[in-house]
Every structure is written in C-alpha cells, then in structure tokens.
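A.B. asks: If you read the protein sequences in the order shown, they are chains A and B. Per my numbering: the first sequence = residues 3 to 352. Per my numbering: the second sequence = residues 3 to 352.
Worth double-checking, as some hints may not be accurate.
As the list makes no split between identical chains, a pair holds if one copy fits it or if it spans any two.
[Claimed, not checked] Straight-line distance between alpha carbons at most 20 Å, and here's what the computed SDA-like set of lysine to any residue pairs gives:
no.	residue 1	residue 2
1	K151	R179
2	K162	K351
3	K319	A333
4	K157	G58
5	K293	F350
6	K257	M210
7	K72	G49
8	K162	Q220
9	K299	R158
10	K157	F35
11	K319	E30
Keep in mind that the hints were calculated from the coordinates and are not lab data. None of the values given here were measured: they were computed from a predicted structure.
2 protein chains.
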Amino acid sequence: MREVKLSIVGFGVVGRGVAEVVARKRAEIGERFGLDLRIVAVVDLWGAALASDADGGGLDPRRILDALQKGGAEGLSPRESLEAHGVRVEELQSPDVIQEVEHDVTVEATPTNVDNDGEPGTSHILTALKAGRHVVTSNKGPLALHFNKLMQAAKRADRKIGFEATVGGAMPIISLRDTLAGNEILCIKGILNGTCNYILTRMGEENMPFEHALREAQEMGIAEADPRSDVLGVDTAVKLVILANALLGLDAAYKDVRVTGITEITPEALSLARDNGYVIKLIGEVDRDGKLEVAPKLVPETHPLNVGGTLNAALLKTDLAGEVMVVGRGAGGIEAASAIISDIIRIFKN
Amino acid sequence: MREVKLSIVGFGVVGRGVAEVVARKRAEIGERFGLDLRIVAVVDLWGAALASDADGGGLDPRRILDALQKGGAEGLSPRESLEAHGVRVEELQSPDVIQEVEHDVTVEATPTNVDNDGEPGTSHILTALKAGRHVVTSNKGPLALHFNKLMQAAKRADRKIGFEATVGGAMPIISLRDTLAGNEILCIKGILNGTCNYILTRMGEENMPFEHALREAQEMGIAEADPRSDVLGVDTAVKLVILANALLGLDAAYKDVRVTGITEITPEALSLARDNGYVIKLIGEVDRDGKLEVAPKLVPETHPLNVGGTLNAALLKTDLAGEVMVVGRGAGGIEAASAIISDIIRIFKN
Chain A
3 MREVKLSIVG
13 FGVVGRGVAE
23 VVARKRAEIG
33 ERFGLDLRIV
43 AVVDLWGAAL
53 ASDADGGGLD
63 PRRILDALQK
73 GGAEGLSPRE
83 SLEAHGVRVE
93 ELQSPDVIQE
103 VEHDVTVEAT
113 PTNVDNDGEP
123 GTSHILTALK
133 AGRHVVTSNK
143 GPLALHFNKL
153 MQAAKRADRK
163 IGFEATVGGA
173 MPIISLRDTL
183 AGNEILCIKG
193 ILNGTCNYIL
203 TRMGEENMPF
213 EHALREAQEM
223 GIAEADPRSD
233 VLGVDTAVKL
243 VILANALLGL
253 DAAYKDVRVT
263 GITEITPEAL
273 SLARDNGYVI
283 KLIGEVDRDG
293 KLEVAPKLVP
303 ETHPLNVGGT
313 LNAALLKTDL
323 AGEVMVVGRG
333 AGGIEAASAI
343 ISDIIRIFKN
Chain B
3 MREVKLSIVG
13 FGVVGRGVAE
23 VVARKRAEIG
33 ERFGLDLRIV
43 AVVDLWGAAL
53 ASDADGGGLD
63 PRRILDALQK
73 GGAEGLSPRE
83 SLEAHGVRVE
93 ELQSPDVIQE
103 VEHDVTVEAT
113 PTNVDNDGEP
123 GTSHILTALK
133 AGRHVVTSNK
143 GPLALHFNKL
153 MQAAKRADRK
163 IGFEATVGGA
173 MPIISLRDTL
183 AGNEILCIKG
193 ILNGTCNYIL
203 TRMGEENMPF
213 EHALREAQEM
223 GIAEADPRSD
233 VLGVDTAVKL
243 VILANALLGL
253 DAAYKDVRVT
263 GITEITPEAL
273 SLARDNGYVI
283 KLIGEVDRDG
293 KLEVAPKLVP
303 ETHPLNVGGT
313 LNAALLKTDL
323 AGEVMVVGRG
333 AGGIEAASAI
343 ISDIIRIFKN
C-alpha cells in the first residue's frame with residue numbers, strides 16, 4: 003500500500019467534497035489501487051487543520067466535516083467548531099502549509115478569480131510545484147490565465163498538474179487528450195455552464211422570461227446570488243480557454259474570446275426557434291485557427307448536443323475518430339471531487 | 003525519439019486502417035509524443051510482409067496499401083501484388099511472426115470469432131505476451147471469452163493489453179476506467195452496434211419494414227452480407243461482456259447474456275412508440291449484480307441516448323460522477339485505428 007498525503011487548500015464546496023469522498027472511499031481506493039489517501043492538512047482563511055501524531059498520519063475527514071456542520075449550526079466559527087471537536091488548528095496560511103507540511107499532492111480548491119491574475123490559486127500552484135508536490139485543482143483562474151507557465155513549471159519540477167475538475171465537473175473532457183491521443187482535435191463545441199443551460203431549458207419549457215428562470219435557479223441553489231459570471235458567459239469563456247490550450251494546443255487567453263451571454267434572450271426567441279425545430283444553447287466554440295467564441299446558438303432539437311437541465315456537453319471534432327461527444331454533470335462538490343480523486347489516482351497509477 | 007516497432011496481424015479493414023494512420027501521422031506522432039512508429043511486419047493468410055534492412059527498419063505503409071489496392075484491381079493475389087511492388091513476402095504464419103520478428107507491440111486485428119474459442123486471436127494474444135510484446139487489439143472474441151485469463155497473462159508478462167477498439171470503435175469507453183478511476187461504475191446502458199442503430203433509425207424515419215432497412219444498410223456497406231451477428235444482438239452481447247468485465251469488474255461470459263435481436267421489430271411498433279414520444283433502440287445493459295441483457299428497449303425521444311444513424315452511445319451510472327454519457331462512431335477502419343494508435347501511445351507515454 004502506498005501512502006498518498008494530501009493537503010486541501012480552500013475548504014468550500016469542492017474541498018469539502020474531496021474530504022467527503024476520501025471519507026467514503028478510502029478503503030475502496032486502497033483495495034482497488036493500492037493507494038492509501040491521507041489528508042494531512044486542510045487550510046482556509048480561518049487557519050489550518052493539521053494532522054497530529056495522535057491521528058496516525060492523517061486527519062479524520064468525517065470528523066472535520068461533522069465538526070464544521072455542527073459548529074456552523076450552533077453559530078461557531080470554523081476554527082471554534084474544529085477545536086470543539088478536538089481538531090488542532092494553527093494560524094498557518096496556505097503558502098506556509100503548502101511549503102512546510104510534508105505531502106504528495108496539493109488539492110487547490112480555492113474559488114476561481116479571473117480578475118486578479120488568478121490569485122491566490124496561481125501562487126498556490128507554483129509554490130506547490132516548487133516544493134515538489136503534485137497539484138490537482140478545480141480552480142479555473144490559474145489555468146485560464148497562465149496555462150503554459152503552469153505547464154512549464156510542472157515540467158521543470160517533474161510533477162503533474164491534474165485539472166479535469168476545472169471544466170465540466172464530473173464530465174470527462176480534459177482526459178480526452180490521452181484517450182484520443184492519436185487524434186488531432188480540430189474543433190470543440192460545448193455547453194460548459196450548467197446554470198445557463200438550466201435557465202435556457204426552463205425558459206423554453208415554461209415560456210418564462212429570463213429574470214423568472216434566473217430567480218428560480220437561484221432559489222434552487224443552481225445559480226449564485228451574484229450570477230453575472232455565469233449568465234454573461236464569463237465562466238463558459240474561461241473554461242473554453244482551458245480547453246483551447248489543453249486539447250487544441252493553442253496559446254489562448256481570456257481576452258481572445260468573443261463573449262455574449264444569455265441575458266438578452268427572450269421567451270419569444272426560444273419559441274420561434276422551437277417552432278422551427280431548434281433550441282437555443284449557450285455554446286463555447288474553439289477551432290484550430292484560434293477563433294474562440296461564446297454565444298447563444300441555435301441547436302437542432304434532435305442534435306445530441308441538445309441536453310437539458312444543468313447538464314454539460316461537449317462535441318469534439320477529430321481527424322481520425324470523427325465526432326466524439328461527452329455529457330455529464332458540470333457542477334457540484336462531489337462531482338468536482340470525483341474528477342479530483344480520479345486525477346490523483348491517475349498520477350500514481352500511470 | 004523512441005522507436006516503437008509494430009507488427010500488424012490480420013490485414014483487413016482494421017489492419018489497413020492502422021497502416022493508413024501510420025502513413026498519415028507518423029511524423030506528427032513523432033513530434034507530439036517522441037514516438038517513432040515503425041511497422042516491421044504485416045501478416046495475414048497470404049503470408050508475411052517483412053521489413054528488410056533496405057527499408058531502414060520499417061515497411062513503408064503507403065507502398066503496401068497502394069500495392070494491395072492496385073494489385074487487387076488487376077486481379078493479383080495480395081502476395082503477388084506486394085512482390086510486384088518490391089515488398090518481401092515470406093511464407094511465415096502469424097504465430098511465427100509474433101514470436102520471431104522482434105517488435106514491441108502486436109496489433110491483433112484478425113476477425114472476431116466467438117464460436118471457436120476466439121481463435122486464432124486468443125492464441126495470438128497469448129503468444130505475443132509470452133514473447134514480451136504489448137498487445138493492442140480490435141478483436142472482440144478473445145476479450146469476451148477469456149477476459150480474466152488474458153489480463154492475468156498480461157500481468158505475468160508485465161505487458162499491457164489495449165482494447166479500446168473492441169467496443170464502440172472510436173468512441174472512448176474502455177478508457178473511462180481510468181478517466182473515472184475514483185468512481186464505482188454501477189451500471190452501463192449502451193447502443194453498441196451501429197448496424198442495428200442504422201436499421202432502427204431508418205425503419206422509424208421511413209416507416210420501413212426490417213427487411214427493407216436491412217437491404218438498404220447492406221447496399222450502403224453498413225451491414226454485412228451475413229448480418230446475423232449484428233441483427234440477432236450477438237455483436238452487442240459480446241461487447242457488453244467486455245464492458246462488464248473491464249468497467250464493472252465482473253467475471254461475465256457470453257452465455258450469461260440474455261439476448262434478443264431486432265429482427266421481430268415492426269414499423270407499427272416504432273410508429274406506436276413515436277406517437278408516445280419514444281424511439282426503439284437495441285440496448286445492451288449490465289449492472290453490478292451481473293444482470294446482462296441485450297434487447298430492443300423504448301427510449302424517450304428527448305433522452306441523450308437517442309442517437310441516430312450508425313452512431314454508438316453509452317450511458318454510465320457512477321457513484322460520484324452521476325451519469326456520464328459518450329457518443330461516437332462505432333465502426334470503420336480509420337475509427338478502429340484511432341483507438342488502436344491511441345492505445346499504443348498511452349502504453350508508451352504513461
């Protein structure tokens with residue numbers, strides 16, 4: 003059994019999803035892959051929970067999740083919650099944990115930020131690589147803004163960066179690089195934002211104006227309180243840049259994407275489309291010439307890309323395999339954790 | 003640059019597809035992956051074409067393909083065609099080539115045979131592993147009949163068996179084992195036979211009886227002259243067994259599958275289904291309890307599995323990622339070669 007020590011940097015929905023999956027599947031992953039996943043540090047703005055010798059080399063993820071949930075319900079701060087359950091919390095910040103706590107894989111799960119140079123994610127990833135850690139991340143910002151710089155840093159450090167979770171959540175897409183290795187990928191068209199897909203699906207089904215569908219999505223926890231990044235197409239554009247660089251080998255940046263969101267779409271437009279056998283989807287599209295575009299597009303109702311609800315889908319045109327399509331769940335803590343844990347397993351099993 | 007020597011055993015549609023792809027993409031694969039693919043032997047019932055010293059270590063795949071095409075058009079035998087173009091042909095049989103000609107990867111591309119213990123494919127694969135070759139194959143028979151035996155033989159020999167091409171052609175499915183490594187795959191439902199899908203699609207579109215749609219498919223080269231393996235569901239069942247063993251970790255055999263084909267489906271049944279918002283598809287289905295079934299099933303028209311024409315599709319239910327779906331081209335020499343070449347690249351790049 004090979005011990006794989008993880009730090010989780012950023013303990014929001016995704017970080018907690020990773021802890022939850024380790025709690026549920028540590029034994030199974032040990033049995034199937036001979037890997038013993040141990041969480042040695044969890045760090046967020048409130049400080050760092052660190053494994054002590056008494057923990058036998060790893061934090062108990064179930065205890066941490068329970069502590070935060072119960073403490074939160076009682077109005078305690080995360081730190082108070084953890085300490086009340088006997089978890090050691092130190093004043094350490096993320097870069098210190100990444101550098102100083104011995105571990106194999108840094109799980110970078112802080113929130114995406116494309117306005118501020120992808121920080122703090124970018125620095126976390128570079129620090130981790132320099133310290134000899136592999137990095138697995140769900141954070142789109144650093145990959146969208148500094149793709150080639152990060153890949154070069156990984157190469158220099160002889161470490162891997164796993165980033166399947168950055169695009170399409172649990173939908174396999176980044177790994178299609180390897181799956182379709184013999185192919186040139188010529189073009190990608192994708193529905194890469196579940197919130198927009200949900201809103202457009204509901205507008206079409208119920209003849210509902212954009213604002214109503216958005217409010218419904220917010221009430222259901224599908225859209226965020228500040229939905230701008232989703233509905234203006236920014237999130238789709240960021241993911242498109244990652245796909246362009248990772249799968250098409252381009253050197254694209256966010257500023258290269260022509261972006262139109264879904265805020266101007268009317269129920270009338272959807273109904274006119276439907277009368278002609280089409281639906282409207284927010285499509286991110288990139289080709290080998292470096293044309294990157296995010297915009298609402300007509301999609302034939304019978305086309306495989308016409309997936310509903312919050313699903314994500316991507317269609318890849320390739321030189322040998324022709325068209326290949328994947329569909330899956332684009333969001334959710336467990337879904338992102340599925341991609342992260344799979345990335346970790348592949349780093350050690352290949 | 004690492005030289006990777008290939009033998010191609012069986013030079014029908016798939017074997018020629020592999021030669022074609024090597025001809026077209028050798029330089030590109032060298033550049034992208036640092037692998038120099040060289041075909042050192044091509045063997046079929048007519049004998050073995052072997053690289054001589056004059057060939058600089060590899061056969062020219064373009065010359066071989068051209069020779070066979072031109073010679074065939076002139077009524078020459080394959081052997082005569084090749085010799086007329088200066089290719090050395092020996093009386094060697096496949097097992098001799100596999101054992102005696104030095105190479106790294108045996109591409110086993112002989113026709114599938116499930117009635118005769120998967121031979122000659124099974125012996126070819128075992129011989130290759132024993133001789134220290136990796137094996138990449140499109141041949142479903144050996145994998146469907148002797149899955150665990152072959153995997154154990156590969157493990158003992160410390161060699162890999164790539165078999166992405168056996169199911170779904172160019173559609174990524176076997177590799178989802180790795181892509182979704184952190185997941186348990188709970189259940190798979192798939193449209194795994196493009197011929198049946200084409201026939202059912204056409205029957206539904208044109209209100210056509212089965213026999214007419216079959217004849218159309220034969221005229222278009224989609225169905226074989228003897229279509230029984232496809233339309234009786236045998237081909238789907240064989241692929242389902244491979245998926246059951248490879249992705250669900252079962253120890254399933256062909257005889258465990260309950261199989262119903264599409265020969266009894268009437269245009270009336272399809273039209274009744276359509277009036278209620280359904281289509282009929284030949285679905286192969288397996289779950290973790292080992293229930294294996296191939297049968298025509300109703301699929302809602304709006305369901306992502308409703309793909310038309312000759313496409314293949316598969317829906318995987320997983321414990322973490324939820325439902326994941328893939329769609330792609332299930333047949334064709336270049337499509338199978340896409341999977342084979344990608345398997346070869348992954349063997350040497352991981």
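A.B. asks: If a hint holds in the structure, say so; if it does not, say that too.
C.D. replies: Results of checking the hints against the structure:
no., hint, verdict
1, K151 with R179, "within (19 Å within a copy, 30 Å between copies)"
2, K162 with K351, "both (13 Å within a copy, 14 Å between copies)"
3, K319 with A333, "between (24 Å within a copy, 16 Å between copies)"
4, K157 with G58, "neither (33 Å within a copy, 33 Å between copies)"
5, K293 with F350, "neither (36 Å within a copy, 33 Å between copies)"
6, K257 with M210, "neither (32 Å within a copy, 52 Å between copies)"
7, K72 with G49, "within (18 Å within a copy, 74 Å between copies)"
8, K162 with Q220, "neither (36 Å within a copy, 49 Å between copies)"
9, K299 with R158, "neither (41 Å within a copy, 53 Å between copies)"
10, K157 with F35, "between (25 Å within a copy, 15 Å between copies)"
11, K319 with E30, "between (36 Å within a copy, 18 Å between copies)"
Comparing the model with each numbered hint stated earlier shows that hints 4, 5, 6, 8, 9 do not hold.
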